[in-house]
Amino acid sequence: MFGYAEKILKVNLTTKIIDEYILSKKAREMFIGGKTLAAKIIFEFFNKKVEALSEENIIVITNSPLTATSAPSSSRFNVSTISPLTGLLISSNCGGNFGFHLKRAGYDGIIIIGKSEEKVYIDILNEKVEIKSAGQLWGKNTGETQQLMGEKNRGKLVIGRAGENLVKYAAVISEERAIGRGGIGAVFGYKNLKGLIVSGNKNIELYDKEKFIKHTKNWTKNLKKHPLTGEQLPKLGSGAILTMMHYRNLLTTKNYSRGNFEDFEKINAETMRKEHLVKNKGCISCPIQCARVVKAYGKEVKGPELETLALLGSNLENNDLQSIINLNHLCDEYGIDTITFGSTIGFAMELNEKGIWKNGLNFKDVSDLENILEKIANREGIGDELAEGTKKLSEKYGGKDFAINVKGLELAAYEPRAAQGMGLGYATSNRGGCHLNGGYMVIMEGLGLNVNGKTTKGKAAFTIFFQDFMEAVSAGGTCLFSTYSVLPAKFIKKPNSSFVRFVNKLIPYFGPLVGFLHNNSIVMSLNMKNLMPYPYALKMSTGFKMNIGKFLKAGERGYNLERLINIRQGLKGDQDTLPKRLTKELQRLEDKDSKVKLEKMINKYYKIRGWDENGVPTKKRLEKLGIGDYKI
Amino acid sequence: MIKVKFFGMINVKNNISQLEMNEGTVKEVIKQIIEKNPEIKAKELKEAVIFVNKKNITGNKRFSLKLKDKDEISFLTPSGGG
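Protein chains in written order, with our numbering: chain A, 1 to 632; chain B, 1 to 82.
In case anyone wonders, no lab produced these hints; they're calculated from the structure.
Virtual Cβ for every residue (Gly too), placed ideally from N, Cα, C.
You may find that some hints are simply not true.
[Said to hold, decoys possible] Here are the simulated distance ranges between beta carbons:
#1 B:Ile34 - A:Gly626: 53 to 61 Å
#2 A:Arg588 - B:Lys3: 18 to 26 Å
#3 A:Ser498 - B:Ile34: 19 to 27 Å
#4 B:Lys46 - A:Leu148: 16 to 24 Å
#5 B:Gln18 - A:Lys225: 29 to 37 Å
#6 A:Ile213 - B:Lys46: 39 to 47 Å
#7 A:Arg588 - B:Lys46: 24 to 32 Å
#8 B:Lys3 - A:Gly626: 30 to 38 Å
#9 B:Lys3 - A:Lys490: 54 to 62 Å
#10 B:Lys46 - A:Ser24: 55 to 63 Å
#11 B:Lys41 - A:Asn126: 22 to 30 Å
[Said to hold, decoys possible] Heads up, simulated BS3-like pairs for lysine-lysine below, C-alpha to C-alpha not over 27 Å straight-line:
#12 B:Lys13 - A:Lys607
#13 A:Lys225 - B:Lys41
#14 A:Lys274 - B:Lys46
#15 A:Lys392 - A:Lys49
[What the hints assert, rightly or not] Not everything, but these chain B residues come out facing chain A in the computed CB check (under 8 Å):
#16 Val12
#17 Asn14
#18 Gly24
#19 Val49
#20 Gly80
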């Protein structure tokens, strides 16, 4: 089968039986790979609600048809499971080299079942798959664990102490990159699984190698010459947007009580570049090279990403960039999600400030946070409570109105009261408070483009479009940063031109057209190779009859299937909401529009999605997507 | 004096963060910047996203806006990341 390694490995940690999961060609064509393929596997594995930290839960690791090919930014892989933080489906996507090595070993994915009695890790070298003792690795940080695992040129995926101790937002680390969100590390820890190491020497056969290489060369060239992916991200990294977020009131500050931070210049990407940057680097096959190398504790380490700069910086009113760099490094070493860590600490600081929970944590003071972080990783003292995340803390101490989470997952760095579409995206995202799975509308609402963030007009349709688009891009296996090249360069280079300003004003009025196209994707049975390079790359890789319409439909199919899993896990429509701080409190008293007007968008969102008034996908819509027989 | 700040690729390309200029319209301030820092291109500043006292100014009349003592003008480039 072209584009795929063909095998999906099944490892049962309880019985130690290792075999293969059979997947038809039709299923591959429908679900492609990555998170949507993982959703199909998880949906079929259970026929009931499953507890995250139970033997029944499974971990599904998947790569994609573009992984380990010449497609740019295509080394991504996905890990999905039921989240201990939200109780819902969580999928988390990572760069680095693990996905590449997994594919070269001859696998499109690994399903990990059951629970080992002993501490173990899985070693995969082509067909040779072994469950090995991790006794000597247990208790070690992620960096040391990867070193002890041996050979450099192998893909590694490991947990740290946080995962072992079932911290609800424990991450899984590969090199210095994180499967960050939703506590997947705790599911590894519960299964007594320290990690995986993988490599192989299989080649991937492509449907039309010549056309594929020609197309991906051109795609890479376009990324290199685009002002965002060719210039700004390599020079400034993902933190490049922090300054614009401050000016547009989009930067979470003091537990989401404000959208701007007076000391933003002390923590922005420009300052990191001047004062801390050693060099930039990136994933295998990526021409963007957005990652930063900086120094912490006298050694060269990964620099903080935008989310970390904001959640450990402005969100805590912390203007000390070196402290953010250090905390970021320690989070990676312990295996902790920096977003939920920063958000949980911000919430605890506000509880302390309001006298609701006297815990000694204060805004502007991060002097004890390294100590607190270690306590969280070890679940000691106050760390044991903080290890549960924001929602659990609010259930115990109160403050639900300013406990900034959706469905249990803490929000990312974007304050949505200045970006209605981003607010709707957070509220409806299958992962919970995730900017990417939410559609990342904020890129249109003030960062890359300047579409009016205050209006709700057209936002439901655009949010759905981008949710499905990004779902499909993830399924294909490329980094979401590659989607920036879809934005015409002129819009970035000349934001003040009459034409660009006119288009920015016009975009919300295109909502009905976007909604129509969403529901009639057959209209888009074409391949515009430069504008949207993904479908054609998938077509040349796999031989599938792929075009823009089918590609977006695959994204929509995945989004709906994830929704079905969440409903089976107990999700109700009234959970498609935001904390009251964001919907009832004005961000700026002088601006009556500075709150998320969710009530104006949510019904329209359901209607365009083809979901009923309770947010349940209708039978008609599921049938249209070819998943009518997926019943909950 | 007017405080002038540079961010994004303007900051990176010209290795400049902040300057102080005399009062005048936005157009006049840009002219002063170019005169004192010829490495900066007028086009870069004219095409930038401009904030005056943290308020975004757009449209063709933005260059005639008068800046007073202690005002702050910031030049940014549209951005992506996250």
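Taking the hints in turn, this is what the structure says about them:
1. B:Ile34 - A:Gly626: 53 to 61 Å: Since Ile34 (chain B) and Gly626 (chain A) have Cβ atoms about 60 Å apart, the given range 53 to 61 Å holds.
2. A:Arg588 - B:Lys3: 18 to 26 Å: holds (22 Å)
3. A:Ser498 - B:Ile34: 19 to 27 Å: For Ser498 (chain A) and Ile34 (chain B) the Cβ distance comes to about 23 Å; the hint holds.
4. B:Lys46 - A:Leu148: 16 to 24 Å: violated (56 Å)
5. B:Gln18 - A:Lys225: 29 to 37 Å: With Cβ atoms ~30 Å apart, the hint holds.
6. A:Ile213 - B:Lys46: 39 to 47 Å: holds (41 Å)
7. A:Arg588 - B:Lys46: 24 to 32 Å: holds (29 Å)
8. B:Lys3 - A:Gly626: 30 to 38 Å: Taking Cβ atoms as reference, Lys3 (chain B) and Gly626 (chain A) lie about 59 Å apart, which means the hint is violated.
9. B:Lys3 - A:Lys490: 54 to 62 Å: Cβ of Lys3 (chain B) to Cβ of Lys490 (chain A): about 30 Å, so the range 54 to 62 Å is violated.
10. B:Lys46 - A:Ser24: 55 to 63 Å: Hint holds: Cβ distance 58 Å, inside 55 to 63 Å.
11. B:Lys41 - A:Asn126: 22 to 30 Å: violated (55 Å)
12. B:Lys13 - A:Lys607: Roughly 47 Å between the alpha carbons, so the hint for Lys13 (chain B) and Lys607 (chain A) is violated.
13. A:Lys225 - B:Lys41: holds (20 Å)
14. A:Lys274 - B:Lys46: holds (25 Å)
15. A:Lys392 - A:Lys49: Cα-Cα ~20 Å, so holds.
16. Val12: holds (5 Å)
17. Asn14: The hint is violated - Asn14 (chain B) has no Cβ within 8 Å of chain A, the shortest such distance being about 12 Å.
18. Gly24: The hint is violated - Gly24 (chain B) has no Cβ within 8 Å of chain A, the shortest such distance being about 20 Å.
19. Val49: holds (5 Å)
20. Gly80: Since chain A brings a Cβ to about 4 Å from Gly80 (chain B), closer than 8 Å, the hint holds.
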